[in-house]
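Participant: Each chain, letter by letter, is given below.
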Amino acid sequence: MAQMTMIQAITDAMRTELKNDENVLVFGEDVGQNGGVFRATEGLQDEFGEDRVFDTPLAESGIGGLAIGLALQGYRPVPEIQFFGFVYEVMDSINGQMARLRYRSGGHHTAPITIRAPFGGGVHTPELHADSLEGLIAQQPGIKVVIPSTPYEAKGLLISAIRDNDPVVFLEHMKLYRSFRGEVPEEGYTVELGKADVKREGKDVTLVSYGAMVHASLKAAEELEKDGIDAEVIDLRTVSPIDYETIIKSVKKTNRVVVVQEAQRQAGVAANVVAEIQEQAILHLEAPVLRVTAPDTVYAFSDAEEVWLPNHRDIVEKVNTVINF
Amino acid sequence: MKYVLENIESQFEMFQILNEDGKIVNEDDMPDLSDEELKELMRRMVYTRILDQRSIALNRQGRLGFYAPTAGQEASQLGSQFALEQEDFILPGYRDVPQLIWQGLPLYQAFLFSKGHFHGNQYPENLHALSPQIIIGAQYVQAAGVALGIKKRGKKNVAITYTGDGGTSQGDFYEGINFAGAYKAPAIFVVQNNRFAISVPVEKQSNAKTLAQKSVAAGIEGIQVDGMDVLAVYAATKSARDRAVNGDGPTLIETLTYRFGPHTMSGDDPTRYRTEELDNEWAKKDPLVRFRKFLEDKKLWSEEDENKVIDEAKEDIKQAIKKAEEQPKQKVTDLISNMYEELPSNLQEQMEIYKEKESK
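Chains as they are written, first to last, in this note's numbering: chain A, 1 to 325; chain B, 326 to 685.
Isolated chain B, as found in the complex (with noise of 0.2 Å):
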């Protein structure tokens, strides 16, 4: 008899390129992006930054409504983002905003989704996704079937999800994982281990010792990866990315991260379930200050260019949250409209209620 849990848990080690000191620990795996893109990467996750921390004010303000904050997962979110092309699709959860607005979601449609009108999803022709899922897993299953319709159209692209550690607890992960799997379709599953599924830490989620094991089950490639580290999650989805396209199946990714911020806006106290230590813990590994480091040590990267994406951000969220207000007021006629392709007569004599509703 022979018990190989061990023996496998062991295998999987966390992949870094950079270490806290903004340091390159793993030059062989260090990925082939020019300067420019390098700057851009740092661009991205200065401007998401302040994009979060506006988007709190806003939210406190009332001018924003439903808000998962992001500080602490940038590194996770927009390093997969950018191994992505223009064509490939995502199925983002709900604090996954980040991804959609760099793929091509105007800023102030991002702003609508959160404030509740439906004209926040109706997304641009080049930007290929779904608006963030709310109930946990449920992406799962459709990036498989996202995944096995581009593997059928002969396209090379990919599905790419995102969940976190509480969601890979949910049936429809090992659904998804295991149906994209057997159909080798070119999918990636990311699984953002912020440590907290609301308030239960991961330990309590589950015995596996690492997230990223759980793709062992279905017969697929998973990696963990710090998840703070910029150039390594890029690093991991583009390896994943290549390997779907050229016909190699999915690929689960952990990557290791921590929100600094609370659950959502609506009344989350982190410190009923996380302690000062932690979070300072955590702080030390922020994606921001570790990437800053690599880039000024290439003198890649000054003051005078952090100070200038934040004057562009707050400029740009400036404009955008005068454009969602401007916005015209959902009605409960553009709900009727949305239902059906052609209205049946229950809709169509509710429609003319509502459409003298709301002329007065």
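The shape of chain A in the complex, shown without the other chains (with noise of 0.2 Å):
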């Protein structure tokens, strides 16, 4: 099997199904001959040729536009937003339109709509590049929001939002893309959409985490260990819809938990969830659900990045406030 880092695997997806759908288009700012910013779509344009993988002019909106109106020719556009900072220039075609597309027409129209984009911290990037913004999308009905962890699941997972019938927004976080390889199966494969995965097991407390923060929790999961507490780690992979099921039973299997979310604390996923497990589980806790976040400052510029975002430490500082409570 292969060994490829998160970005080879994002683009062995594309390249899957580019040659598996004709229908499968990738477009976006400079993915054509420079293959993206990042080179996800590096070498896709003279595999498939310009007709299906092709530059855009620089204007976010009238990539959300282009999507959706492909979309209703019977194409699956898989669009790059070049950083996810840039998402505000297109919020009312994803949030407004191609969330809503299949639902104002009673079903008449679907939106088949995929719209890759790199985001999170720790990069050194100007300002309006890094932020985690999945919350705004993932307050939306209508659209699935999908972070894979792994280039194994980053793989499987692009190839199942392509084939999903609605619109997802895949996020790719930066510090992963070329941090480590995993093993890929060079074959397609999908894992399935909205269910989440158990990455490490654990009896004496739960680690709810996503994106670049699954590392961070595992990693606090192995230092904890030395002080003989057992950490399970979930990876949520879709924060839109969530897999509240392999939470929940998590939940009542170690009764304490700690949600870990590289974005701001204010509003968010984790929150989501902490509003979930109290609902759900309330009489299997035995201490409040604790979050680690970013403080609710704008993303922080470069010089601070590192003490501004999360990281094991404070995830181990906050699971023994959880045992210890």
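Keep in mind that the hints were calculated from the coordinates and are not lab data. All values derive from a computational prediction rather than experimental measurement. Treat the hints with care, since some could be wrong.
What the hints assert, rightly or not - Over the 10 Å line for every Cβ pair with chain B, so calculated as not near, a few chain A residues:
#1 Gln3
#2 Leu72
#3 Ala304
As the list claims (entries may be wrong) - When the alpha-carbon atoms are kept at most 25 Å apart in a straight line, the in silico DSS-like pairs for lysine-lysine are as follows:
#4 B/Lys610 to A/Lys19
#5 A/Lys203 to A/Lys219
#6 B/Lys680 to B/Lys654
#7 B/Lys618 to B/Lys633
#8 A/Lys19 to B/Lys477
#9 B/Lys534 to B/Lys610
Stated by the list, open to error - Stretches of chain B that chain A covers, calculated by requiring three or more beta carbons in the stretch to come under 8 Å of a beta carbon on chain A:
#10 366 to 380
#11 437 to 451
#12 499 to 509
#13 619 to 632
A virtual CB, placed ideally from N, CA and C, is assigned to each residue, including glycine.
Join these two chains into a complex; the hints should help.
Facilitator: Right under this line is the structure:
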């Protein structure tokens, strides 16, 4: 089996689906000959031609509208938004338009669109590149939000997203693009959307996380193990809709939970997870459900980024609080 | 150093075929329409005027919901739609329901749209269109996408989209015409310049002398048309369509028109921002009056023809509103079932809750 970085797995997923379905189109700013600013579409235009993989003018709302229009002609568009920090420019197309297409037409039209975008922090970008804005999309019914944490899942989830008949925002954490390799099968395969994955089994505390924070949680679990604390780590993989079944099952086993997100504390995915846990399993809890998040400031200037971003030490600290409650 | 704005702006002259007296002023561009087709155009305009009057009345009676009056804009709306083929794709703004109706939307569904029932948007298979867009300009970027898709499919069709003068200030307007231009996609962008974006006059909307000239920046063709002259609108749209399907790219068409009524029936009072003088000046340009004179001179239209259409329209409207009112009430469970192809667990649970509520 091939060893791939996450970005190679993402390219491989697009190549698989471009081969598999002639209606799949890949487009965005610089995705053609340049292969995308992160090289996610490297070589795809040469392999599939400019009709299938093409550059767009530099306008995100235009890209979103283009995707909707192409979907209305039976295509399966896979547009790239160069950085998810630019999502505000295309918010109407995503939350206002494609998320509502099936609904407002009473099922007459659908939007089988997969918007890919790099997101998340830790790579010292200029401002408005690195935000964790998944919560903005997760609040909108009608669209799914998928965030892989490993190369294997990146390929399988992206193939599922492209084959899905509803719109999906597929967020790729920039720090995970090339930070490690993992085994990725060469053939096409899918990982089901809307299903969380237990990345590490444990009995004392549940860490619920997604994206880069899955790796911080796993690192925290290793540290905790030295102190005799056995942490279970759940990777949500899809933050809308959330797989509460897997979370609640774990909560009933461990009775203690810390929810970890890279995004700021206010609103967001973690708050929703906490609320659902107390609604469904309050009598199984031995301690309040705590969150590890970034502080409620605008995303950090890169000079302060390392302190601003949550890390495994923050997670260990919160776990100790819920264990000793 | 050379500035060219004045030169460019002066190139955009209003294209007209019939003047206010119903006389042909431009024989060269007279479209090739049969007598039957000319009569059909008139029939549709009269029918649509009656539909507008009845819709306003039904709205006042509380029998219709959201309604944006169309009187005054019939030539712009129906002249452009008349140049389309059935397989062409329409992306309308919220005032553009008449184009959908004449392209095949059953009248009772148009009423259901107004009443806020989604069956109004479940279009028949032969109608290729989106339901009216509410966000100003969003349809322009989508039209570029539909047009690119049509081009990729190798179809000999066009995407046509509509907005108003206010819409040309939106970013999506520029992005849409620019994308379509960059891809040489078969799109027709219609701007019905009815002079007011709700209350803001077009003079305050832009320093551009014409809205058609905005095409120049996108590198696409643009034309300003007398939007009260149905033959001019038809001819301009037909020409744009021919160019589009021949691979010559998109066209921006600005139609100079006027809405005789308020912006919508939701409390707008045009006397706050329009003078009676202006209303009277534009009433003289009424597209129905002008075209009726033209047809009467050709002995193609009579009072009897007119009354026949009026009766037909009234009867159709009566039947359609009845059918719309008989439609089962929209249910929350209908809404839930149209969110995704497969319901996620949260909606499955909520579906059960609303099934229970709605069974009572």
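Participant: Does each hint fit the structure? Answer for all of them.
Facilitator: Outcome of the hint check:
no.	hint	result
1	Gln3	holds, 34 Å
2	Leu72	violated, 5 Å
3	Ala304	holds, 33 Å
4	B/Lys610 to A/Lys19	violated, 57 Å
5	A/Lys203 to A/Lys219	holds, 17 Å
6	B/Lys680 to B/Lys654	holds, 14 Å
7	B/Lys618 to B/Lys633	holds, 18 Å
8	A/Lys19 to B/Lys477	holds, 17 Å
9	B/Lys534 to B/Lys610	holds, 21 Å
10	366 to 380	violated (count 0)
11	437 to 451	holds (count 5)
12	499 to 509	holds (count 5)
13	619 to 632	violated (count 0)
Violated hints for the displayed structure, listed by number in ascending order: 2, 4, 10, 13.
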